[in-house]
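Read off the chains here:
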Amino acid sequence: MTTLPTSTEKKLGLVIDLDTCVGCHACVISCKGWNTENYGAPLSDQDPYGANPTGTFLNRVHSYEIQPKDAPAQLIHFPKSCLHCEDAPCVTVCPTGASYKRVEDGIVLVNESDCIGCGLCAWACPYGAREMDAEEKVMKKCTLCVDRIYNENLPEEDREPACVRTCPSNARHFGDFADPDSNVSVLSRERGGMDLMPEMGTKPVNKYLPPRPKDRDRSEDVDILAPFLEPVATETTGFLGWLDKALESMPGGKN
Amino acid sequence: MPKDQPDLDLSPKVSDEIRKTTCYMCACRCGINVHMKEGKVAYIEGNKDHPVNQGVLCAKGSAGIMQVNAPSRLKAPMKRVGPRGSGEFEEISWEEALTIATDWLAPVREKHPEKLAFFTGRDQSQSFTSLWAQGFGTPNYAAHGGFCSVNMAAAGIYTMGGAFWEFGQPDWDHTKMFVLFGVAEDHDSNPIKMGIGKIKGRGARVVGVNPIRTGYNAVADDWFGITPGTDGLMIMALIHELFKAGKLDLDYLARFTNASCIVNEDPKSDENGLLMRDDDGQPLVIDKNTGDLAPWNGIGVEPDLATTYRKAGVTHRPVFHLMADRFLDPQYAPDKVAEATGISADRIKQLAADMAHVAFEEAIELDRPWTDFRGKKHDKMIGRPVSMHSMRGISAHSNGFQTCRALHTLQIILGAVETPGGMRFKPPYPKPATAHPKPHGKVTPGAALNGPHLGFAHGPDDLLLHDDGSAIRIDKAFTWENPLSSHGMMHMVISNAHAGDPYKIDTLFMYMANMSWNSSMNSTGVMEMLTDKDEETGEYVIPRIIYSDAYSSEMVAFADLILPDTTYLERHDCISLLDRPICEADAVADAIRWPVVEPDRDVRGFQSVLCELGARLNLPGFVNEDGSQKYEDYADYITNHIRRPGVGPLAGWRMGEDGLQDGRGDPNEGQLDSYIANGGFWHSEVPTEASYYKPFNMAYQDWAVKMGFFDSVQPYIFTPYVEPLRRMQLAAEGHGRVQPPDHLRQQIKDTMDPLPIWYAPLSDNLIDTNEYPVHALTQRPMAMYHSWGTQNAWLRQIHGLNPLYVPTKIWDENKFKDGDWAKVTSPSGVITVPVAHMAALNENTIWTWNAIGKRKGAWALEEDAPEATEGFLLNHLIHELLPEQADGMRWSNSDPITGQAAWFDLRVKIEKTTAPAESQPATPAQKSPVGKGPKSQAWKVGK
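As you go down the protein sequences, you meet chains A and B in turn.
According to the UniProt record's numbering, the first sequence is numbered sequentially starting from 1.
According to the UniProt record's numbering, the second sequence is numbered sequentially starting from 1.
Among the hints, a few may not be true.
Using C-beta positions, here's what the derived DEER-type ranges look like [to be verified]: (1) Lys13/B - Arg189/A: 53 to 59 Å; (2) Ile676/B - Ala134/A: 37 to 43 Å; (3) Cys118/A - Asp7/B: 33 to 39 Å.
Sample of chain A residues with no beta-carbon within 12 Å of chain B, all distances over it, derived [what the hints assert, rightly or not]: (4) Val22; (5) Asp87; (6) Gly119; (7) Trp123; (8) Asp176; (9) Gly192; (10) Leu196; (11) Pro198; (12) Lys203.
Since the hints were derived computationally from the structure, they do not count as laboratory data.
For every residue, glycine included, the Cβ atom is placed at its ideal position computed from N, Cα and C.
Make the full structure from the sequences, and use the hints.
What follows is the structure in structure tokens.
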């Protein structure tokens with residue numbers, strides 16, 4: 001049993017915008033690349049060219065279809081990684097203290113040298129955000145790129161998680177939720193940022209911005225729009241009569 | 001820090017060195033930072049300074065490391081030792097390989113250069129490979145545009161001097177409404193994603209018109225799940241509504257398009273339907289100042305859209321009047337097109353009204369004075385902030401050219417091209433069809449071709465026909481079957497060569513084109529053609545095949561001689577303004593690749609191999625006067641080749657009289673070093689006063705000449721009325737020397753209309769659409785790109801399977817359940833494949849991901865890989881020829897104007913079936929010449 005800090009100085013995390021995520025998986029692979037080469041054991045792949053390729057990923061994109069009653073079906077792309085919960089059950093369940101939440105910034109990490117690969121934390125996580133590396137037999141999870149965000153060997157503008165840096169549609173934002181004026185706090189406030197499965201009581205730090213309403217019923221707009229399609233004439237000849245008048249009224253017309 | 005918390009190193013060393021080059025995982029060509037550790041590739045990220053991607057990078061780009069270490073990489077030159085298709089090879093030396101190639105090709109060049117067919121697939125060096133082919137003297141050269149998106153490219157060039165992607169982009173900073181037509185996730189992908197993120201961030205509206213709601217359409221605020229092949233009909237209805245309501249930018253149409261040009265309407269004239277011209281050949285308008293005819297480009301001329309010109313009892317009208325006749329035709333009314341398109345008349349009207357509202361009520365004015373080519377000064381730049389984008393989805397139909405033309409016409413009538421908030425061209429575009437070369441095909445044994453192969457035909461005289469009317473080119477490009485086939489027709493090469501129609505060839509030489517598999521229609525048939533033997537001689541019908549690829553693709557197995565290419569991080573390349581550049585609307589740009597790692601195999605960059613092979617064959621342009629090799633390798637060519645005075649492959653850091661300069665200049669031996677020091681690219685901003693109205697804007701024209709895009713200023717106007725099409729029609733009506741064969745006259749009259757039209761996909765008239773009611777499409781996943789790389793170890797964990805996605809209606813009708821399989825039948829083939837349900841789909845459309853299905857033994861995959869057992873290709877259902885016509889003829893399954901492969905015209909029927917052991921047809925395995933991949937990997941190059 002490992003204890004959580006009573007509070008953290010910062011609450012670093014992500015805002016993920018489901019309105020703009022196009023499901024391109026750029027974040028998935030950028031994460032895989034950085035975290036294979038950096039923090040702890042590489043993210044290995046089993047049977048990478050065979051019948052059942054399975055590898056360790058710290059971030060995956062799931063896609064869900066929604067079928068509204070009176071509108072076309074929608075496809076929602078849903079990237080998911082560790083949410084760095086304030087009440088992280090994966091930490092408290094850890095028998096060795098390998099899982100911990102950092103006091104400074106709230107990032108949940110695994111100290112791989114203390115990890116015995118028991119997998120309890122993965123069972124405890126309601127989000128399925130932890131993956132056991134089959135090669136190294138240690139638990140892997142999103143580090144929020146703790147080895148990037150403070151890294152003095154990187155230019156300041158690059159001190160953000162790899163997934164945020166690479167996201168082409170700007171659907172991922174990184175910042176401090178403890179600061180009410182931070183970019184992530186403002187975005188979350190303005191766009192109705194949501195907790196994932198709040199009923200689990202985990203108090204996730206990461207927030208999801210819901211998609212804007214789509215395929216709005218426009219039948220009531222017909223009157224508003226009608227003036228824009230008011231016919232100028234019904235026959236070509238009438239149209240050309242209109243044309244004469246329209247051209248005359250334009251700058252440079254025949255007055 | 002609490003005592004339990006470990007002491008972390010928060011500033012680990014990231015890499016020893018960053019090498020900046022250009023991605024090659026698709027055709028986006030983003031800038032990448034390759035982080036090196038101990039000489040090995042450790043991590044790849046986007047280059048923040050790069051104009052294309054500004055730091056972001058897609059899944060493919062970030063997975064490049066798995067491309068560079070892929071087990072499927074070819075290791076050395078090989079010659080075939082087993083039968084074709086078996087994959088049995090023997091490794092040979094480069095000297096032996098080049099000797100074999102020279103011994104095969106030299107006699108061909110000496111006697112019949114046309115018997116070499118050289119096609120280069122997904123080549124990014126076409127200005128170089130075409131020069132090689134030109135030097136060889138064969139007319140048979142093209143890249144893959146004919147089976148990709150030539151309709152989009154050619155329709156754009158003919159209509160307005162550029163299309164989307166490499167040619168133009170939405171004005172992301174100003175647009176208020178972005179409309180995306182068709183499958184388009186595969187081209188310009190990162191810039192489009194960035195643009196969508198940007199405009200959604202400020203609340204602008206995104207509209208998707210696509211049978212399939214994935215990717216960009218998944219985030220669209222409004223989705224129109226249109227019936228495939230009917231986009232043109234819906235666009236015509238939008239134009240109809242805008243004409244009917246007079247929501248047109250008349251000033252723009254009069255000044256900047258040929259809507260104001262006068263059409264010869266004398267029915268007795270052999271120039272009927274062409275524009276009336278002055279003695280200098282300039283099209284005429286009526287000048288409002290004088291009421292008389294005047295050249296379109298006369299100083300001070302104010303073109304009139306309304307006034308007609310009467311001469312000798314005949315009234316000749318401006319093009320605009322013909323446009324009104326066409327677009328006001330009730331057949332294009334929304335309620336007339338609703339059933340065919342699957343989109344209700346109300347929704348079409350709403351979309352038209354939204355466009356009208358945004359264009360004219362939410363117009364933009366930028367305080368940027370500019371001067372047009374008639375000398376008229378404008379104090380503002382007025383914008384119509386409706387932008388559009390499209391690629392393959394509307395292009396890959398037999399009505400694609402006219403559909404793309406309709407789309408551009410829609411943009412033009414709104415005044416939304418090259419204006420703020422609309423679509424903006426990327427230098428060196430805009431460039432009208434008349435500024436491009438014409439096609440060339442004059443063959444002289446032992447000598448070079450008479451000019452560049454591909455170009456833009458402007459009339460029957462430009463076709464590549466022998467005096468007897470037979471095709472000069474093996475793919476029959478630029479013939480009456482498809483006169484404006486500007487990108488060639490790579491998809492017809494193998495079947496024509498096999499049939500000996502129009503003639504037999506000796507050697508098929510291909511680069512980066514998986515023509516035995518996912519890049520061909522009728523893949524099974526193509527494999528048979530490649531292996532077919534002449535019964536009398538016992539020789540292969542296509543006698544020799546040389547192929548260059550970096551990976552063990554399906555096509556490798558069918559070649560006789562393999563010239564192994566490098567991966568993209570091991571090579572020199574130039575992304576040149578002479579070719580398909582990477583410019584953005586605000587900047588001209590080009591870029592290089594350079595060997596950030598050296599190959600660890602006996603492989604060579606294909607372009608460097610061509611430099612040596614060209615010298616061995618004594619090709620003009622590839623040898624010095626003393627007969628020695630002119631370019632040591634591709635890097636030498638990139639640096640020293642001169643295309644026109646002062647213009648070479650790269651425009652940055654050229655040598656001028658006073659030192660280094662942009663655009664024009666002499667070769668600079670340090671040029672590649674300058675590119676490397678600058679992050680692998682060069683770019684130069686478009687001057688602010690030249691940023692919009694580029695074709696008409698003298699500030700842009702002057703800058704374009706200075707940069708070397710043109711040698712003299714050449715302003716032009718957009719051409720919603722395309723005269724080259726009318727010239728073809730005139731011939732079909734019996735005018736002129738070069739006449740089409742009688743069986744094609746009606747098709748030419750019907751399809752080559754100088755104004756946009758819509759007609760049903762051609763195959764719909766030749767098959768029973770009741771028997772084959774379902775449309776079938778493919779698209780590429782955003783995280784994969786065909787198979788010009790390998791089957792990437794990381795990406796195949798995301799997209800290792802390609803079920804056939806079935807809409808709810810068809811799912812329920814067939815009582816499908818998860819895990820079921822279906823038999824899918826087209827008029828030309830049958831496949832049996834796994835199905836999956838998808839609701840966000842046009843109710844009559846099924847689809848799958850393209851090129852996930854692999855042949856067993858290819859790509860160093862295990863033979864039981866899901867790509868080979870459950871994966872499949874839709875290609876088996878698509879024939880390269882249309883069904884037999886009434887007269888017994890079979891025409892190419894292509895657009896009758898450009899020859900674009902009509903992949904997306906496919907119609908099928910689908911029925912539930914018992915699951916076979918694996919997807920059908922199951923092609924027997926090819927032997928892997930590179931072995932198999934490892935059983936596990938943990939790729940960490942640092943300590």
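Closest CB-CB distance from Asp176/A to chain B, is it above 12 Å?
-> At about 16 Å from chain B, Asp176/A clears the 12 Å cut-off, so the statement holds.
Verify that the Cβ of Gly192/A lies farther than 12 Å from every Cβ atom of chain B, and report whether the claim holds or is violated.
-> 15 Å, holds
Can we trust that Lys203/A is non-interface, i.e. its beta-carbon lies farther than 12 Å from all of chain B?
-> 20 Å, holds
Check the non-interface label on Val22/A: least C-beta distance to chain B beyond 12 Å or not.
-> Non-interface label fails for Val22/A: nearest chain B Cβ at 5 Å, not farther than 12 Å.
With 53 to 59 Å as the target window, see if Lys13/B and Arg189/A comply at their CB atoms.
-> 38 Å, violated
Is it the case that Trp123/A keeps its Cβ farther than 12 Å from each residue Cβ in chain B?
-> Label holds. Min Cβ-Cβ 22 Å, cutoff 12 Å.
Could you say whether the range 33 to 39 Å given as a hint is met by the Cβ separation of Cys118/A and Asp7/B?
-> 24 Å, violated
Beyond 12 Å from every chain B Cβ - status for Pro198/A = 25 Å, holds
Taking C-beta pairs only, is Gly119/A more than 12 Å away from all of chain B?
-> 19 Å, holds
Say whether it holds or is violated: Leu196/A keeps its Cβ farther than 12 Å from all Cβ of chain B.
-> 19 Å, holds
Confirm or reject the claim that Ile676/B and Ala134/A have a C-beta distance inside 37 to 43 Å.
-> Taking Cβ atoms as reference, Ile676/B and Ala134/A lie about 40 Å apart, which means the hint holds.
Minimum Cβ-Cβ distance from Asp87/A to chain B exceeds 12 Å | Nearest chain B Cβ is 17 Å from Asp87/A, so the label holds.
Checked against the numbered hints above, the structure violates hints 1, 3 and 4; every other hint is satisfied.
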